[in-house]
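Go ahead and model the full structure; you've got the sequences and the hints to work with.
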Amino acid sequence: MTIISAAGLRKDFTVRVKAGRLRRERRTVSAVDGVDLAVERGEMLGYIGPNGAGKSTTLKMLTGVLAPTAGEVRVCGLTPVAQRTRLALRIGVVFGQRSQLWWDLPLRESFGLLRHIYRVPSADHAARLRRCRALLELDAFLDTPVRQLSLGQRMRGELTAALLHGPEVLFLDEPTIGLDVVSKQAVRGFLAELGATGDVTLVLTTHDLADIERLCRRLVVVDHGRVVHDGTIEELHGRYGSRRVLVADLDAPLPAGFAVAGATVEAVEADGHRVQLSLDGGVGAGTVVAALAGAAPLRDLSVREPAIEDVVARLYRS
Amino acid sequence: MARAYWALFAGQFRSVTAYRASFAVELFSNLGVIVFDVLAVLVLFSVTRTLGGFTVREVLVMVSLTACTFALADLAVGNIERVKTYVRSGRLDTVLLRPLGALPQLLLMDMPLKKVSRSLFALAVLAVALHLAGVTWTPARAALLAATVAGAVTFFGAFFVAGASVAFWWVESGELANSVTYGGREFAGYPVPVFEGWFRNTFAYGLGFAFVGYHPALALLGRADPLGLPAWSGWAAPLVALPAAGAAAAVWRLGIRHYRSTGS
Ligand SMILES: Nc1ncnc2c1ncn2[C@@H]1O[C@H](COP(=O)(O)OP(=O)(O)O)[C@@H](O)[C@H]1O
Ligand SMILES: [Mg+2]
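Heads up: the protein sequence lines correspond to chains R and G, in order.
Each residue of the first sequence is one higher than the one before, starting from 880 at the first, in our numbering.
Each residue of the second sequence is one higher than the one before, starting from -2 at the first, in our numbering.
Note that these hints are calculated values from the structure, not bench results.
Bear in mind the structure is a predicted one, so any value in this text is a computation, not a measurement.
Honestly, I wouldn't trust all of these hints.
Footprint (simulated), chain G over chain R, 3 or more residues, beta carbon under 8 Å [to be verified]:
#1 931 to 943
#2 955 to 969
#3 977 to 990
#4 995 to 1004
Every residue, glycine too, gets a C-beta built ideally from N, C-alpha and C.
Put into structure tokens, the structure is as follows:
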């Protein structure tokens, strides 16, 4: 069942830019430029793209914060801007750079207020809070005013706040931005756990690919407001010719001028005792290994699967 | 629903009172405006015996009636002017993500509790002024006073909201919109015959400020309008309040649609 759908979604901003000394010109920026999207219930979607690609703007239109310039949006069967308050009861949102919490109040009190704001039955609230407390290890700072929390602690609080009303869809905009490594891991682990239950549809924007590499099977890559790829990570690799890398340690240096069909020598290290070859799509590692073994005695071999970073970097460049 | 808004108010209340000392100071540093209103009238009357045909006691009723309803409107919705900081910083996003109306949320989140003391003081000044003017109380006059306070508070509140909405289109709106609101407040407190020409027509009848201060005061004092408007105009405060509130709500809603957040 489709829970999020967008067709021809657009958002234009008019900005004033300096043109000469005093003159200012109005210019239209298409932050989101015709996005089509359909997300099924229970899916975990990674919405990725470089800074300024239009990820946050898209999320704001899906959550009813911004009115689209053009296009159709439905989330949970509702029209976000027109039915904003009804939609708000059914979605959870975490914006990495904005807080849902009360700055001067302890987390525990913020959670209590949110229970009333979202009209959550107290048994449901208690059960969800108990689960978040365990998974996100909140107990150590539950009674600390939010303004005294570290960014990582606060983000764990924000995640809890977004989930206490049992949303059907959780939108996360750069949830790991600025976090230390440990907190990043905690957040990713929690989201993986959450996604595994299949109760919540997850839409996660990020420019940090490590966030989604293990989390989201489906990736939507955007650039300049347009979707440039929509599919699985494997499809992304296939389509953009990402290359597996073969690393071989040799007992004797590789003869100069070594070449083999279907692979490119990327690097030669350790006086020719270690080589890296990237394999063309569809070429088996075996034929390349055989050619290598014919040129120099092999000591060790490893094949590295392509990283999405490389693919996406290539995608942005093209 | 009421509980949800109450929770929001409780959150704000607890946040403010977390800083107990500064809260106490603010409670009492807010009375100056009202004192100044009264002093201004007394200074005027030290050089003249009547103003637009009215005595000092009558003018004090007009001024204190306006000061009181304006203070109440300011207490209820005056802090909506802070919406411009929410718009500029993009923090309105958070407000729009909650399952509650944006306007009531902003009002409850920024409830200026310190303005409570000013409103109470203004009410006391109004009571004294009405007493000094020797108003003879009838059920009709009491009803008129209640209707006027409700109408005038709504009316001034509408100006606060409409003025604050300018920020959705023009982030650096500054104090321009407020100058109409505060200008109207000064105007509404004085007898209309004092003013002349287009200025009088615009503020008194065009925008309707005469009907929330001057005309109801005439009716309370049992005096006829020297400019010849019928007696029922004293009851017109709710009548001008409704279209003002409707217009303000429309402008606000349009503004929310126009909100553009900030890049992030
Ligand atoms: N409120 C705004 N006013 C003007 N331009 C904006 C606004 N919000 C975003 N933009 C512009 O729209 C583009 C997309 O921004 P955003 O959606 O925040 O990108 P991302 O989240 O992918 O980094 C950027 O060029 C940004 O400068
Ligand atoms: Mg962003």
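Violations among the numbered hints, reported as their numbers in ascending order: No hint contradicted; all consistent.
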